[in-house]
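Asks: Sequence:
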Amino acid sequence: MDRNPPAHADPATPGAPGAERRERLRQFQAQLIERVQAARSGTATGVRELGVTIGARHYLLDLTQIGEIVMPQPVAPVPLARPWYLGLANIRGDLTGVIDLARYLGQPGPADADAGADTDLGAAAAAGDGAATAEPARRAALAERRLITFSPRLGFNCALLADRVLGLRTSSAMRAVSAPVLEPAGAEPAAPSWARRCFDDADDRRWTLLDLAQLVREPRFAQVGF
6 MDRNPPAHAD
16 PATPGAPGAE
26 RRERLRQFQA
36 QLIERVQAAR
46 SGTATGVREL
56 GVTIGARHYL
66 LDLTQIGEIV
76 MPQPVAPVPL
86 ARPWYLGLAN
96 IRGDLTGVID
106 LARYLGQPGP
116 ADADAGADTD
126 LGAAAAAGDG
136 AATAEPARRA
146 ALAERRLITF
156 SPRLGFNCAL
166 LADRVLGLRT
176 SSAMRAVSAP
186 VLEPAGAEPA
196 APSWARRCFD
206 DADDRRWTLL
216 DLAQLVREPR
226 FAQVGF
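In the working numbering, each residue's number is its place in the sequence shown (first place is 1) plus 5.
Hints were generated in silico from the structure; no laboratory data involved. Check each hint, because a few of them may be wrong.
To be verified - FRET-style restraints, in silico, Cβ to Cβ:
{"#": "1", "residue 1": "Q42", "residue 2": "R97", "range": "13 to 23 Å"}
{"#": "2", "residue 1": "A142", "residue 2": "A81", "range": "19 to 29 Å"}
{"#": "3", "residue 1": "R31", "residue 2": "P157", "range": "16 to 26 Å"}
Note that this is a predicted model, so its numbers are computed, not measured. For each residue, glycine too, the CB sits at the ideal point set by N, CA and C.
With the hints as constraints, model all of the structure from the sequences given.
Replies: Printed below as a string of C-alpha cells:
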C-alpha cells in the first residue's frame, strides 16, 4: 500500500475491509499530523485545508485549527444541553464535547438522519464492522463518520461530528465566491462571519471555509445549556 496517499485520498473508502480501513485512517492521520505541523511552522506549501461533509454541505477546515481525526466514540448526553451539543466523548482520556455543526446552523445534520444521535454514535463505536443488524446503507454511512477535534490552541475541548472526511484540499486552487452578508427577503439566513468564505472547485462543488477560531469566540457557542 502506498505510504503517502494522494492529497485527495479518502481514508474511509466504503466497502473496504475493517483492517484495511483502519490502516488507511492510521496512514491518513500520520499524513495529517505532518501537514498540520508544516502549516503551523509556516513551511507548508499548497495543501492547507481538510475537506469534510457535514449534513448535505462541504466544508474546509484550516489544518492549523484542528487536532486529529478519530473514529466515533460512545457519546454521553448532557442533561439540558442544546440539540447541537450531542454530549461528551472520551477521546484519549479527555472528555470532549461533540458538536453537530449543521444543527448549530439550523440545517439538517448527521444526527437528523437517525433517531438519537448519541445512541447511533455509541452503537457505531461499539459494534464496529460487525453491526450485522443495521441496514447495509445505514451501517456504511455510520462507518464513514469521524470526530475532528479542535486544536488545543483554540482553548475549547471540542470535536465536530463529520459525515465523511474527503481528504486534503487546497482552497487557493479553487474559485472564490461571495457569500451574502445581508439576508434577502425570503432567503435563508446570511452566513455567520466564521463561515462566510466560499469556494467552487473544478466540478462546481461549493465549499465553505470554516474559521474555528472565530466560531469559539461566538457567545452562543459557549452556551451549550438551556
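Asks: Of the hints stated earlier, which fail here?
Replies: none
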